[in-house]
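Protein sequence lines, in the order shown, are assigned to chains A, B and C.
Note that the first sequence covers residues 67 to 165 in this note's numbering.
Note that the second sequence covers residues 610 to 701 in this note's numbering.
Note that the third sequence covers residues 11 to 324 in this note's numbering.
Keep in mind the hints are simulated off the structure, nothing from the lab.
Every residue, glycine too, gets a C-beta built ideally from N, C-alpha and C.
A couple of the hints might just be wrong.
Unchecked claim - Examples of chain B residues lying across from chain C (beta carbon under 8 Å, computed): (1) M610; (2) L619; (3) L623; (4) L625; (5) V632; (6) G649; (7) A652; (8) L656; (9) R688; (10) A690.
What the hints assert, rightly or not - Simulated restraints on C-beta separations: (11) A:A69 to C:A31: 39 to 47 Å; (12) A:E125 to C:V183: 46 to 54 Å; (13) C:V141 to A:E125: 24 to 32 Å; (14) A:G131 to C:V21: 30 to 38 Å; (15) C:D20 to A:R165: 16 to 24 Å.
Spelled out from the first residue to the last, the chains are:
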Amino acid sequence: MTASDYLCAALLIIGGLFFMAGTFGLLRFPDVFTRLHALTKADNVGLGLTVAGLALQAESWAVAGKLLLIWLLVLLAGASVSHLIAQGALQRGMRPWKR
Amino acid sequence: MQTLFLTLALFLVLNLGAGMWRVLRGPTAADRMLAAQLFGTTAVAILLLLAEATGGAALRDVALVFALLAAVTAVAFVRRAWLYTEDGNDSE
Amino acid sequence: METLIAGAIDVALALAVVGLAWGALASADLFKAIVLFVAFGLVMALVWVRLNAPDVALAEAAIGAGVTGALLLAAYAKLRAASPDANVARAGGMRGIGSISIRILILLLAAALGCAVWTLPSDYAGLGKEVAANIDRSGVSNPVTAVLLNFRGYDTLLEVMVLLLALMGTWSVGATAPQRETAPGPVLDSLSRLLAPLLILVAAYLLWVGAHAPGGAFQAGAVLAAAGVMLLLSGWRLPAALAALPLRLALAAGPATFLLLAVITVLLEGRLLQLPPLWAGRLILIIETTATISIGATLIALFLGAPPGKEDRQ
Numbered sequence: 067m068t069a070s071d072y073l074c075a076a077l078l079i080i081g082g083l084f085f086m087a088g089t090f091g092l093l094r095f096p097d098v099f100t101r102l103h104a105l106t107k108a109d110n111v112g113l114g115l116t117v118a119g120l121a122l123q124a125e126s127w128a129v130a131g132k133l134l135l136i137w138l139l140v141l142l143a144g145a146s147v148s149h150l151i152a153q154g155a156l157q158r159g160m161r162p163w164k165r
Numbered sequence: 610m611q612t613l614f615l616t617l618a619l620f621l622v623l624n625l626g627a628g629m630w631r632v633l634r635g636p637t638a639a640d641r642m643l644a645a646q647l648f649g650t651t652a653v654a655i656l657l658l659l660a661e662a663t664g665g666a667a668l669r670d671v672a673l674v675f676a677l678l679a680a681v682t683a684v685a686f687v688r689r690a691w692l693y694t695e696d697g698n699d700s701e
Numbered sequence: 011m012e013t014l015i016a017g018a019i020d021v022a023l024a025l026a027v028v029g030l031a032w033g034a035l036a037s038a039d040l041f042k043a044i045v046l047f048v049a050f051g052l053v054m055a056l057v058w059v060r061l062n063a064p065d066v067a068l069a070e071a072a073i074g075a076g077v078t079g080a081l082l083l084a085a086y087a088k089l090r091a092a093s094p095d096a097n098v099a100r101a102g103g104m105r106g107i108g109s110i111s112i113r114i115l116i117l118l119l120a121a122a123l124g125c126a127v128w129t130l131p132s133d134y135a136g137l138g139k140e141v142a143a144n145i146d147r148s149g150v151s152n153p154v155t156a157v158l159l160n161f162r163g164y165d166t167l168l169e170v171m172v173l174l175l176a177l178m179g180t181w182s183v184g185a186t187a188p189q190r191e192t193a194p195g196p197v198l199d200s201l202s203r204l205l206a207p208l209l210i211l212v213a214a215y216l217l218w219v220g221a222h223a224p225g226g227a228f229q230a231g232a233v234l235a236a237a238g239v240m241l242l243l244s245g246w247r248l249p250a251a252l253a254a255l256p257l258r259l260a261l262a263a264g265p266a267t268f269l270l271l272a273v274i275t276v277l278l279e280g281r282l283l284q285l286p287p288l289w290a291g292r293l294i295l296i297i298e299t300t301a302t303i304s305i306g307a308t309l310i311a312l313f314l315g316a317p318p319g320k321e322d323r324q
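Bound conformation, chain A alone:
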């Protein structure tokens, strides 16, 4: 196991933790807006760290580029869809949860 292998493993494990945090938030948070927030953490950071770790292991720059492209697309789609859903929820009269 070289140093880059250790780094890759660390990145992947932390990414996995963020995925778990996202799922946990989706299950436990009280309303749509907070769940959206949890969801995008898994999207952005979880997938981002996973892609970073896998890019270290990639066999060529093209593969690393493809991984980066996938992450950017998920970012774009996730951000836009979150905005659309949150806007729609507000229009339907759902109010954010207050303590």
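Given the structure of chain A, go ahead and fit chains B and C onto it with the hints provided.
What follows is chains B and C alone, placed relative to chain A:
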């Protein structure tokens, strides 16, 4: 490293299973769609891990297609179906 | 150790698939059933990956989870719009299965299928060896594409025809009431402007890569359809000039080319779709390109539902 990739993939599959609960419970339509979005992102991560572990480069193309099409389904929900869902009728 | 974890992944995926399928069938709320079905398609694509079938996984991801999801959601919206006071909650869900005898029958069928799979010989290689032996004469190096477009091209010809027939059936049913549509906000507008060209590019890539790696006409056509669906959802409409003949040309291009090739091969070689090895690669590329365009156009037209010009306020 193989073992790590596969273990993480297993972990993410379990996450996927946990996310199913949100689809079943709702209570609003948006919650169900959110959970489906999480499914999509988790599946992308699983595919990328499997591509590195056992599956080969083709799986990255599958992940790319996943990432793109999850957006299309969500937009179809927001623009079409959401106008008509009865929210909160979780009679299951 | 690795096979153990891989086995655990397979078991988890299998349970997820069964759970989602049960949920989709048993749920009393139609929208919940649709979302569960889309999730089912996602997990099914993962199952295909684990079964070493990336071509099918691509098709499942593009068609099953993507385009079909959008189709079902649009159909749900039209259903609710047409009959707003109808009760779309499906009565009973799984309770509708009914008598004990039907349940016993289903269990017997499941047991028979399980036995059949269990007793398959473990070294069953299928036709892999024969395909590998003949792949040099097929014009492509991806065995799946070789089987689909060359060795069993007849099946693919029929599939392309069936898709066109489905569209004709949908068009003949007639239009539903037009739906009011708000203007897309800036976010949706920019998203569709960014994603549509990207989807078209990915479709072209899948078409090209299908010759030597998982990909192909159906997958590319589905991604192309996703681009069209994205544009339609963002308020774009086909300009009236394109709606009559060019659209129909696009729809017919794939089946017509394939049919033409079939006729030519019968006349020249004596056998249906016997591609000469020297030309096979180029012919397959031509067929796949026209098929991609047709499949994309057909799926987009299915999403629209009514022939353009008849009811274009959808």
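field: Hint check against the structure, violated hint numbers in rising order
entry: 1 and 15
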